[in-house]
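Peer 1: So the chains spell out like this:
There are 2 protein chains.
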Amino acid sequence: MKSFRDIKIKRQLQAILHVLANSEESIGSERISEILRLSGIELTDRAIRDYLILTDSMGWTENLGRKGRRITNRGREELETELVVDKVGFVSSKVEDLAFRMDFDLSKKQGKIILNISYLKKEYLSKYINKIYQVYEKNLGMGKLLTIADEEQTLGSFRVPKNHVAIGTICSVSLNGIFLRHGIPMTSRFGSLVELEQGEPKRFTQIISYDGTTIDPLEIFIRGRMTNVGSATKTGNGVIGVSFREIPSVSLNKAKELAKEVEKCLLGGILAFGTPNQPLLDMSVPYGRTGILVLAGLNPIAVLAENGVEVVSKAMNCLFDYNSLIQYTEIEKLVKKII
Amino acid sequence: MKSFRDIKIKRQLQAILHVLANSEESIGSERISEILRLSGIELTDRAIRDYLILTDSMGWTENLGRKGRRITNRGREELETELVVDKVGFVSSKVEDLAFRMDFDLSKKQGKIILNISYLKKEYLSKYINKIYQVYEKNLGMGKLLTIADEEQTLGSFRVPKNHVAIGTICSVSLNGIFLRHGIPMTSRFGSLVELEQGEPKRFTQIISYDGTTIDPLEIFIRGRMTNVGSATKTGNGVIGVSFREIPSVSLNKAKELAKEVEKCLLGGILAFGTPNQPLLDMSVPYGRTGILVLAGLNPIAVLAENGVEVVSKAMNCLFDYNSLIQYTEIEKLVKKII
Numbered sequence: 001m002k003s004f005r006d007i008k009i010k011r012q013l014q015a016i017l018h019v020l021a022n023s024e025e026s027i028g029s030e031r032i033s034e035i036l037r038l039s040g041i042e043l044t045d046r047a048i049r050d051y052l053i054l055t056d057s058m059g060w061t062e063n064l065g066r067k068g069r070r071i072t073n074r075g076r077e078e079l080e081t082e083l084v085v086d087k088v089g090f091v092s093s094k095v096e097d098l099a100f101r102m103d104f105d106l107s108k109k110q111g112k113i114i115l116n117i118s119y120l121k122k123e124y125l126s127k128y129i130n131k132i133y134q135v136y137e138k139n140l141g142m143g144k145l146l147t148i149a150d151e152e153q154t155l156g157s158f159r160v161p162k163n164h165v166a167i168g169t170i171c172s173v174s175l176n177g178i179f180l181r182h183g184i185p186m187t188s189r190f191g192s193l194v195e196l197e198q199g200e201p202k203r204f205t206q207i208i209s210y211d212g213t214t215i216d217p218l219e220i221f222i223r224g225r226m227t228n229v230g231s232a233t234k235t236g237n238g239v240i241g242v243s244f245r246e247i248p249s250v251s252l253n254k255a256k257e258l259a260k261e262v263e264k265c266l267l268g269g270i271l272a273f274g275t276p277n278q279p280l281l282d283m284s285v286p287y288g289r290t291g292i293l294v295l296a297g298l299n300p301i302a303v304l305a306e307n308g309v310e311v312v313s314k315a316m317n318c319l320f321d322y323n324s325l326i327q328y329t330e331i332e333k334l335v336k337k338i339i
Numbered sequence: 001m002k003s004f005r006d007i008k009i010k011r012q013l014q015a016i017l018h019v020l021a022n023s024e025e026s027i028g029s030e031r032i033s034e035i036l037r038l039s040g041i042e043l044t045d046r047a048i049r050d051y052l053i054l055t056d057s058m059g060w061t062e063n064l065g066r067k068g069r070r071i072t073n074r075g076r077e078e079l080e081t082e083l084v085v086d087k088v089g090f091v092s093s094k095v096e097d098l099a100f101r102m103d104f105d106l107s108k109k110q111g112k113i114i115l116n117i118s119y120l121k122k123e124y125l126s127k128y129i130n131k132i133y134q135v136y137e138k139n140l141g142m143g144k145l146l147t148i149a150d151e152e153q154t155l156g157s158f159r160v161p162k163n164h165v166a167i168g169t170i171c172s173v174s175l176n177g178i179f180l181r182h183g184i185p186m187t188s189r190f191g192s193l194v195e196l197e198q199g200e201p202k203r204f205t206q207i208i209s210y211d212g213t214t215i216d217p218l219e220i221f222i223r224g225r226m227t228n229v230g231s232a233t234k235t236g237n238g239v240i241g242v243s244f245r246e247i248p249s250v251s252l253n254k255a256k257e258l259a260k261e262v263e264k265c266l267l268g269g270i271l272a273f274g275t276p277n278q279p280l281l282d283m284s285v286p287y288g289r290t291g292i293l294v295l296a297g298l299n300p301i302a303v304l305a306e307n308g309v310e311v312v313s314k315a316m317n318c319l320f321d322y323n324s325l326i327q328y329t330e331i332e333k334l335v336k337k338i339i
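Going line by line, the protein sequences match chains S and H. Take 1 as the starting number for the first sequence in the working numbering and just add one per residue. Take 1 as the starting number for the second sequence in the working numbering and just add one per residue.
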């Protein structure tokens, strides 16, 4: 049997489990091989079959005969553990990847958007749900839609751990996807903390560039308890998560029109458009480009961490069906069902 | 009286408090104005005197008449609070600033090096000091020297809060300073987590570029509990903090000689030299340059966070006298004195 100490094997095993976790139905080694090839991993059907025998024996996959393999709950857990090695990837690449893959159609109001997933102990949900509600109410969240999944349910490829609940919030990268489908290439430059004064963005207090980090900046700010979304919600003064984007200045008018359409779909999250070629909040842009401030999708989650709740967030986690999301105004009803 | 809501005023007040905190003696408004000018802040003596009347009235400074002002303990506390606004600065600029300012002389073994400061509740010190010891023993710290300050003492410009102790560890940027003084311009590219296998660096698991972040990458990894220095110390397998540096390939031989001298001064922390122009741990370097892996100065602190101890770290905090540091082998004696 192959030794688990070999880092290359660990990586390939993880890749196979990932494919299975992201597949809604059971699939065979041939299909797995095809999907892996698309992400740059070359493995023969034969090699994959060997791995699958191994994963069967570990209880991570289930052999359904001619229908192929299915990932088990233990396999999903394994994917979540730290034993499984992640490939180093810069956030900027992930942004481009997801923006290209999402297929939300603005006129039909259907398709998939990009979801952040955060999970916390179930006991905290009812106590803090009202604070989450307020962030949306004060227009500090990205869009007006979200979703909640109970313990042991799945959200995308994420299985909610026992005694926990998961909250899915709209990732602001969904805007990149929508803009891209309308011919506007939006570049995500950095994630930041922005000080609000009386509801107005005043200045950046922290900045982390997407092309220089493998961890999502907002996850970092939230884990480090550096936000103050709660105060921003209550008084208009506080520190919130904001993403800095750029678009070609020539597309600014079209972008503003699109932003109105996006707003109607309850996906609006643009805090400010800059002026062509001019700095936005002291941050300069190259000639020919215009800066945009977009509210972080995780702002409603940040208030949980601010209140001392242990919450783990995975930004840009998966693609998720737009029509399975609910409006934040319905959230308390949904929470009552869960508890 | 000036309103504290004005962000510009907050910034200028902070700058003045910083100057006072970094000055060993009391100083007057003229001297403060000179020092501020060097860091790009233009304020007239008159304006500074106005501010000092304000800070006196807040109890942050003390008027010593002709000798000028001195910062009070309340003023130092104020500097630590989040109310005081930090200027956005990228870590790469701070690296260059400190490397230029430090003056450690390798042949005389004297002068100032750069210190990280971490503080924790005093009660945890004796319980975990042995774990810190082991990180140095297994050569996973930066150098072999450190310092500890008791509650209400100061370490550089940092005043240790009540019931806490502060640990000063050598910041790996000290190497940049030493190399610079010997004609080798060392560039700090990114902070990272590196997986060790049987004591050997295997691969990067997370990366944050210094020129794209305003928060030190190692502080981020430690706060996020993403390290596993404890396991690396015990078994040789784990995840540790490493900084990726580059030097001109032409200076590689001299750099290796220097590294030996540095080691003799107990400041050694180079984990690996790359090969000229070749990738190091899969990370490519521009033609004409060579990569270097340097151990993070905060690795010994990371074990505290891994054990659930709340510890706040400030990387690259201040310049500190080399001869005031102690060897890690003396640390248990020092701890006994403190407790």
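By construction, these hints were calculated from the structure, which means they are not laboratory data. These numbers come from a predicted model, not from an experiment. Wrong hints could be hidden among the right ones.
Stated by the list, open to error - Taking lysine to aspartate or glutamate and the DMTMM-like style, the derived pairs with C-alpha atoms no more than 25 Å apart in a straight line are:
id : chain 1 : residue 1 : chain 2 : residue 2
1  : H       : K10       : S       : D103
2  : H       : K336      : H       : E310
3  : H       : K144      : H       : E306
4  : H       : K94       : H       : E197
5  : S       : K234      : S       : E151
6  : S       : K94       : H       : E195
7  : S       : K10       : H       : E77
8  : S       : K94       : H       : D211
9  : S       : K314      : S       : D103
10 : S       : K10       : H       : E197
11 : H       : K10       : S       : D211
12 : H       : K138      : H       : E24
13 : S       : K10       : H       : D211
14 : S       : K202      : H       : D211
15 : H       : K264      : H       : E330
16 : H       : K121      : S       : E152
17 : S       : K202      : H       : E78
18 : H       : K94       : S       : E306
19 : S       : K94       : H       : D282
20 : H       : K94       : S       : D282
21 : S       : K314      : H       : E330
22 : H       : K121      : S       : E306
23 : H       : K10       : S       : E310
24 : H       : K314      : S       : D105
25 : H       : K10       : S       : D105
26 : H       : K122      : H       : E332
27 : S       : K254      : S       : D105
28 : H       : K202      : S       : E310
29 : H       : K314      : S       : E310
30 : H       : K314      : S       : D103
31 : H       : K94       : S       : D211
32 : H       : K162      : S       : E306
33 : H       : K67       : H       : E77
34 : S       : K121      : H       : D211
35 : S       : K10       : H       : E195
36 : S       : K162      : H       : E306
Stated by the list, open to error - To be clear about the criterion: a stretch of chain S counts as covered by chain H if any three or more of its residues have a C-beta under 8 Å from a C-beta of chain H, and this derived list gives those stretches:
id : region
37 : 122-134
38 : 200-208
Virtual Cβ for every residue (Gly too), placed ideally from N, Cα, C.
Peer 1: Quick one: which hint numbers does this structure break? Sort them smallest to largest.
Peer 2: 1, 4, 5, 7, 11, 12, 13, 16, 18, 21, 23, 24, 25, 28, 30, 34 and 37
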